[in-house]
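A.B. asks: Sequence:
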Amino acid sequence: MLRIAHLLEAQLRAAMERALPEAAQPLDPQLAPASKPEFGDFQANGALPLAKPLGQPPRQIAQAIVVQLKADPSFAELCLDPVIAGPGFINLTLRPERLCAEVAARLGDPRLGVPSVASEDAPGQRTAPVVVDFSSPNIAKEMHVGHLRSTIIGDCLARVLEFRGHPVLRLNHVGDWGTQFGMLITHLKQVAPEALDTADAVDLGDLVAFYRQAKARFDEDDAFQATSREEVVKLQGGDPLSLKAWGLLCEQSRREFQTIYDQLDITLSERGESFYNPTLQAVVDDLRAAGLLVVDDGAGCVFLEGVRGKDGQPLPLIVQKRDGGFNYATTDLAAIRYRFAAPPAGDGAGRVIYVTDAGQASHFAAVFQVARRAGWIPDGASVEHVPFGLVQGDDGKKLKTRSGDTVRLRDLLDEAVQRAEADLRRRLAEEGRSEDDAFIEQVATTVGLAAVKYADLSTNRITNYQFSFDRMLALTGNTAPYLLYAVVRIAGIARKGGDQVGATSGALQFGEPQEWALIRELLKLDGVIAEVETELLPNRLCSYLFELSQVFNRFYDQVPVLKADEPARSSRLALCRLTTGTLKLGLGLLGIPTLDRM
RNA sequence: GGGGCUGUAGCUCAGCCGGAUAGAGCGACGGUUUCCUAAACCGUAGGUCGUGGGUUCGAGUCCCGCCAGCCCCGCCA
Numbered sequence: 027m028l029r030i031a032h033l034l035e036a037q038l039r040a041a042m043e044r045a046l047p048e049a050a051q052p053l054d055p056q057l058a059p060a061s062k063p064e065f066g067d068f069q070a071n072g073a074l075p076l077a078k079p080l081g082q083p084p085r086q087i088a089q090a091i092v093v094q095l096k097a098d099p100s101f102a103e104l105c106l107d108p109v110i111a112g113p114g115f116i117n118l119t120l121r122p123e124r125l126c127a128e129v130a131a132r133l134g135d136p137r138l139g140v141p142s143v144a145s146e147d148a149p150g151q152r153t154a155p156v157v158v159d160f161s162s163p164n165i166a167k168e169m170h171v172g173h174l175r176s177t178i179i180g181d182c183l184a185r186v187l188e189f190r191g192h193p194v195l196r197l198n199h200v201g202d203w204g205t206q207f208g209m210l211i212t213h214l215k216q217v218a219p220e221a222l223d224t225a226d227a228v229d230l231g232d233l234v235a236f237y238r239q240a241k242a243r244f245d246e247d248d249a250f251q252a253t254s255r256e257e258v259v260k261l262q263g264g265d266p267l268s269l270k271a272w273g274l275l276c277e278q279s280r281r282e283f284q285t286i287y288d289q290l291d292i293t294l295s296e297r298g299e300s301f302y303n304p305t306l307q308a309v310v311d312d313l314r315a316a317g318l319l320v321v322d323d324g325a326g327c328v329f330l331e332g333v334r335g336k337d338g339q340p341l342p343l344i345v346q347k348r349d350g351g352f353n354y355a356t357t358d359l360a361a362i363r364y365r366f367a368a369p370p371a372g373d374g375a376g377r378v379i380y381v382t383d384a385g386q387a388s389h390f391a392a393v394f395q396v397a398r399r400a401g402w403i404p405d406g407a408s409v410e411h412v413p414f415g416l417v418q419g420d421d422g423k424k425l426k427t428r429s430g431d432t433v434r435l436r437d438l439l440d441e442a443v444q445r446a447e448a449d450l451r452r453r454l455a456e457e458g459r460s461e462d463d464a465f466i467e468q469v470a471t472t473v474g475l476a477a478v479k480y481a482d483l484s485t486n487r488i489t490n491y492q493f494s495f496d497r498m499l500a501l502t503g504n505t506a507p508y509l510l511y512a513v514v515r516i517a518g519i520a521r522k523g524g525d526q527v528g529a530t531s532g533a534l535q536f537g538e539p540q541e542w543a544l545i546r547e548l549l550k551l552d553g554v555i556a557e558v559e560t561e562l563l564p565n566r567l568c569s570y571l572f573e574l575s576q577v578f579n580r581f582y583d584q585v586p587v588l589k590a591d592e593p594a595r596s597s598r599l600a601l602c603r604l605t606t607g608t609l610k611l612g613l614g615l616l617g618i619p620t621l622d623r624m
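Letter 44 of the first sequence, counting from 1, is numbered 70 in our numbering, and no numbers are missing.
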């Protein structure tokens, strides 16, 4: 429907120019989707703001525009007669045959009418890659609920961008470098030296415990702190023993992370902080050469523009610590520099997206500002922080286990699947159905993981997100099970209707309002995807899929498909096919696979 | 102290470039099954959009003040 909207907008603008030659340019028709179904498909609000400058009543202006519109034969081909409503809105309704033609076109299009950038503006020309930086757990720690949102949201955004045809670099900026390793290695040397030269000498759970101990010592023991800092310097300087220990720890964590990514069907390229180590000094040197670096109290700083502290002094971004070491700001700057730099010395990215919690907003704002002033962000390129809120429990506080620990991601996912299985078994017993264990496991896994992903993606990411197994696994409402069930219903029709569902029928013919409602919903897909691509808000896609499921369920409930006579039967089957295609595509972009039965 | 985010129905949340009478879902209440999976559908009730100003033909949306909650603010990420 985007293509039609663009056509209409051009027609409207031309009509306005003809109707109102005395009006100031440029004229904006203010074309928008109709706010209610009874208003048609689109509304143009452009007459309203012209009332005052032109000194005419807005309805009169609208009338003049409508006269010109109706004189345009290409408009008349597209729409029924426009209707002026309210204070001066122009309501537009597409001709049914145009809607049918759109449906027919999509039935034969594997992309369902969503264009790919590869075929859009510059055919043949390679578009610059988009970097999506997400997940980013820390080595020697387990993935916990804090990584959930970044991982799920980042994967979804990457999928949408990939589907739109962008080359996407899914980068896992793991915490595999820096002070924490100094602490951990120093501590292990004293309490479990075998962990530093033997693979898997201690398991990850122990490593996590050691990490906690190391952190505690670091915070209160000055001598330990000093040794740890020396250890970091040795590591960053390439000391073989330190490097070996570091490699073992990383490998062990990596395998642990991978089981979670496999479970969630998430692809990531690991490129941790350590990758940028060789370029950190150059980053600082470049900043110095650019005249941005100021040594203050022994630390290398870049003072920020527009950010002031208590006493009105500019706040610094510290890029080199007093002891000569580098910190996360240095690494983040090195990453930006590399990602935008031309290949082979960089990624040549045109857009870089950071999916991290909202608490890091000021950090990224500072880093982006410094990178910009250093000239590392090319003209036309964009760097965006995609923030998200905290995961909270039912009590509205940060999600914790009953004993007050952070929730491990694997435990959380397992519990979702277990609850889905228990619910399924209960339902099967109630309905007297019997299914084998393989089916039950398959359904429970799909439903459980889908519920976790969908619950996260379906709320606006900026606000905090209240985690609730009961709500996300509910069979009704805006949940994954509700959407999956719509797909299952269509699969049921396909089973009963044989290969009819797959066949493209002849002329499509529709008459029922439920059919038209479904068609209008189906045709919104391309616009929704375009919106997610620019706004980076997966919940827009979720809302769309939920509304589509609702409209479909109404259709399913009120309009017979298999029992209908031709040509209604074939036309309705075609709608079912397009609906299931749209739902599967949309859910797929959320990282959610579908089922034929549940 | 400075900065950021949030505040919309009992609960969880949408609300796009400022547009028509502010929307869903859950929960509550009432209905629907000879029929493609009722994990569904239909209906009713429920609102001072935190608050006070301002801009505008028009404000949940933009600007300013205030209140509340959360988060960040020199060598952790």
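Simulated from the structure, these hints should not be mistaken for laboratory data. Don't take each hint at face value.
[Claimed, not checked] Now the in silico label distances, taken between C-beta atoms and shown as ranges: (1) R399 x G372: 16 to 22 Å; (2) S100 x K589: 37 to 43 Å; (3) N490 x D405: 33 to 39 Å; (4) R521 x A97: 39 to 45 Å; (5) W542 x E441: 39 to 45 Å; (6) T427 x G264: 39 to 45 Å; (7) A556 x L341: 36 to 42 Å; (8) D437 x W542: 27 to 33 Å; (9) E123 x Q468: 55 to 61 Å.
[Unchecked claim] Once the Cα atoms are required to be at most 27 Å apart in a straight line, the calculated DSS-like pairs of lysine-lysine come out as: (10) K260 x K347; (11) K610 x K522; (12) K241 x K424; (13) K241 x K215.
As the structure is a prediction and not an experimental result, all values here were calculated from the model. The beta carbon of each residue, even a glycine, is placed where N, CA and C say it ideally should be.
A.B. asks: Look at each hint and say if it fits the structure.
C.D. replies: Verification of the supplied hints:
1. For R399 and G372, the hinted distance range of 16 to 22 Å is satisfied, since their beta carbons lie about 19 Å from each other.
2. In this structure the hint that S100 and K589 lie 37 to 43 Å apart at CB holds, the actual value being about 41 Å.
3. Against the hinted window of 33 to 39 Å, the Cβ-Cβ separation of N490 and D405 comes to about 36 Å, which satisfies the hint.
4. Roughly 52 Å separates the CB atoms of R521 and A97, a value that falls outside the hinted 39 to 45 Å.
5. The hinted range of 39 to 45 Å is satisfied by W542 and E441, whose Cβ atoms lie roughly 43 Å apart.
6. About 40 Å separates the C-beta atoms of T427 and G264, a value consistent with the hinted range of 39 to 45 Å.
7. Here the CB-CB span from A556 to L341 is close to 38 Å, well matched to the stated 36 to 42 Å.
8. Our hint of 27 to 33 Å for D437 and W542 is violated, since their Cβ atoms are close to 47 Å apart.
9. At roughly 43 Å, the beta carbons of E123 and Q468 sit outside the given window of 55 to 61 Å.
10. Pair hint K260 plus K347 holds up; C-alpha atoms about 16 Å apart against a cutoff of 27 Å.
11. Among the hinted pairs, K610 with K522 is consistent with the structure: their alpha-carbon atoms are about 20 Å apart, no more than 27 Å.
12. Taken as a hint, the K241 and K424 pair is honoured in the structure, with Cα atoms around 21 Å apart against an allowance of 27 Å.
13. For the given pair, K241 sits about 15 Å from K215 by alpha-carbon distance, which is consistent with the 27 Å threshold.
Of the numbered hints given earlier, the model fails hints 4, 8 and 9; all others are met.
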